[in-house]
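Participant: Here are the chains, one letter per residue:
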Amino acid sequence: MIFIDTLLLGISSGAIYSLMALALVLVWRSTRVVNFAQASQAVLSTYVGYEITMRTHNYWVSLPVAILFGAALGSSIDLLFMFYLAKKVRSGPIAEIAPVIATLGLLGLLQSIIGLIWGNSFLQYSTPLSGKGFTFGNHTVPFSPQNLLIVLATALVLIVFGVVFKFTNLGLALRAASFQPEIAQLAGIRVGRIRNIGWAFAGAAGAVAGAVITPTSVLSPNSLDLLLVSGFIAAVMGGLDSLVGAVIGGLVLGIGFAFILQYVGSSVTFLAGFFILVIVLLIRPRGLFGHQLGRHA
Amino acid sequence: MLKRRHSPLQRGGFLLVCGVVLLVASNFVDELRSYQGAQVAVYLVAISSIILLTGYSGQISLGHGAIMAIGSYAAALAFTLWNFSFEFAILFGMLVGTLAGFILGVAAARLSGPYLAGTTLALAVGLPSIADQFKVLGGEQGLNFDIGDPPGWIKKFEGSDFTQYKWFFWLMAIVALFVIWAITNLLQSSYGRNWRAARNNPVAASLAGINVVRGKVLAFTVSSALASLAGALFGILLGIVTPSAFPLALSFTILTGAVLAGVGNLAGSIAGAVVLVAIPEFSGALATHLGSSQKLTANLPGLVTSLLLIFVVLFKPEGLLQKNRAKSIKQLNS
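So the protein sequences, as listed, match chains A and B.
Here the numbering used here is used: position 5 in the first sequence is 9, and no number is missing along the way.
Here the numbering used here is used: position 59 in the second sequence is 107, and no number is missing along the way.
Derived by calculation from the structure, the hints in this document are not laboratory data.
The C-beta atom is built at its ideal place from N, Cα and C for all residues, glycine as well.
Incorrect hints may have been included.
[As the list claims (entries may be wrong)] Okay, the calculated bits of chain A under chain B, using three or more residues with CB under 8 Å as the criterion: (1) 116-126; (2) 136-147; (3) 199-208; (4) 230-242.
[What the hints assert, rightly or not] Sample of chain A residues at the chain B side, in silico, Cβ under 8 Å: (5) Ile-287; (6) Pro-289; (7) Phe-293.
[Stated by the list, open to error] Some chain B residues well away from chain A (every beta-carbon gap over 12 Å; in silico): (8) Gln-87; (9) Val-227; (10) Tyr-239; (11) Leu-286; (12) Pro-291; (13) Ala-333; (14) Phe-359.
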């Protein structure tokens, strides 16, 4: 029984890691930037959702608003900031770490703005769904309706992205623009605009992650930082280029963490994450699903 | 005075003069400034480790806080458990940190950009929690690393009012100046040249007979030695070594310092270190000026740091102090 309980917990947290990893992969594919600001974008969207529930007392209204806000935020960060950065910083020793630094700066900036508006104290973003686990007979599994929402939301996002990427012209343009930007441009794709859509998708995915995971804990300006780290580890494990890899990386990490938590102890989980990551990368330096002959960014 | 045209001896002389000026100046400042001076020295060592790694060898580490923690814990263990004198405790911390850096560096040499960033990030988040696993590391309470009063000969020489923080400042300023002298020479030796060559064009470098992988491992190892030295000094300055002294934010802070300095510019690291220490003080004063509400005092330092970071990346990518360097780099690259 404990085994199944642990597995369920792992799937639920793995689903969230997958969403975060997906957001990072979407931005990486289109811009070659690891977007550390993703945590603060997601948290800001969640704060917007929180504000809406406070006004309307309805979680189901706040959810789509938060997602739309997340998409708008992602797209405006690309327009106002990353576009300019990519033009400005091209060479010199800083070129390689400039995007990392810039997004870390954005992370800090958004978090302090959130702190200035809402304060740094813990808030409770409540949902109508129960946080108590389902009961079968006399056994209560640690899997609540809220966990079910988390898994369903992740699955829905994956299906939507999957359909968009596989079956629409937009998806084809997105894949082309990330695979070979110059050639895609020659073929008439507006790479800049497509890139922006990638950022919007990423912002929306992050907002979903924030809005469904936060009710299970508390909301504070840096409450999603650890989620970002897990998501990043999952994305790197899956090979930063691959959407499927991000999802599988997230699930592997979530289930792995749950079992380590259950059978080894709570404080070594992230260290175990480090060792899992190192082993995966030493065997496949570009991740599980990354292209071995990736282009030189 | 740290330019390429000067010989190691000339640079040594210049830094010696700097050192004497600093030590004399320490007599005219109060306790807080001495403490901040020591803090600047510690950041200086940490920032130079990042500059060496990122600016010269082209590797990214988001986990140097963890390597600082390794150095700090090893030194504190040697000091409290095995009763090493503090000098040897620092050296022992450096030794352990260097070893850890070598192992990490072997793994790091296989990884590029974001993959390396992700691995080191995981290390920075995961490592401090080890302290809870082993009793000998003292859990959340941490390890005592109080090296006590200044030694007797200094008191005899400088008078009995020679305070502890002034002693820390002397110790750390001297170490930091020595580190700068050593790294400037290293970076201008054939090692530094090979690192730059391998960073700018790995294929061309290996065709010219440079062992790129070995260079990367070596750079990571040397950088880790410096980071663990900074960690050991940081432990001494705090008097106690705890897991919470080495949060993820520390790794980001020293990276910030390196960017403010201009990642390819060792002389700028002094400016970077000073700014890192000055930001909390400056934003504290600003918060009081604006009417110190809880929200303001808690978030202003972060706001100032982030704005400064973004400003530097966008408008002064060669560091705060540099002028027209971008042009000369462009010429070099073309």
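Participant: Does Tyr-239(B) clear chain A by more than 12 Å, comparing its Cβ with all Cβ atoms of that chain?
Facilitator: The claim holds: Tyr-239(B) sits with its nearest Cβ about 17 Å from chain A, beyond 12 Å.
Participant: Quick check: the segment 116-126 of chain A, covered by chain B? Criterion 3+ residues, Cβ under 8 Å.
Facilitator: Coverage by chain B holds for the segment 116-126 of chain A (6 residues, Cβ < 8 Å).
Participant: So is Phe-359(B) really clear of chain A, every C-beta pair being over 12 Å apart?
Facilitator: violated (9 Å)
Participant: For the hint on Phe-293(A), just tell me whether its beta-carbon gets within less than 8 Å of chain B.
Facilitator: Because about 13 Å separates Phe-293(A) from the closest Cβ in chain B, which is outside the 8 Å limit, the hint is violated.
Participant: Count residues of the segment 230-242 of chain A with a Cβ under 8 Å from any Cβ of chain B, then say if the count reaches three.
Facilitator: holds (count 6)
Participant: With a Cβ-Cβ cutoff of 8 Å, does the segment 136-147 of chain A contain at least three residues near chain B?
Facilitator: It is violated, with 0 qualifying residues against the three required.
Participant: Hint check: is the beta carbon of Pro-289(A) less than 8 Å from a beta carbon of chain B?
Facilitator: Nearest chain B Cβ about 5 Å off; hint holds.
Participant: With d taken as the least Cβ-Cβ distance between Val-227(B) and chain A, does d exceed 12 Å?
Facilitator: The claim holds: Val-227(B) sits with its nearest Cβ about 20 Å from chain A, beyond 12 Å.
Participant: Is it correct that the beta-carbon of Ala-333(B) has no partner in chain A closer than or equal to 12 Å?
Facilitator: With a cut-off of 12 Å, Ala-333(B) remains clear of chain A, as the shortest Cβ separation is near 17 Å.
Participant: Was Pro-291(B) rightly flagged as not at the interface, with every chain A Cβ beyond 12 Å?
Facilitator: violated (9 Å)
Participant: Once the shortest beta carbon distance from Ile-287(A) to chain B is found, is it less than 8 Å?
Facilitator: Since the shortest Cβ distance to chain B is 10 Å, the answer is violated.
Participant: Was Gln-87(B) rightly flagged as not at the interface, with every chain A Cβ beyond 12 Å?
Facilitator: For Gln-87(B), whose nearest Cβ neighbour in chain A is about 20 Å away, the distance exceeds 12 Å, so it holds.
Hint compliance for this structure: hints 2, 3, 5, 7, 12, 14 are broken, all remaining hints hold.
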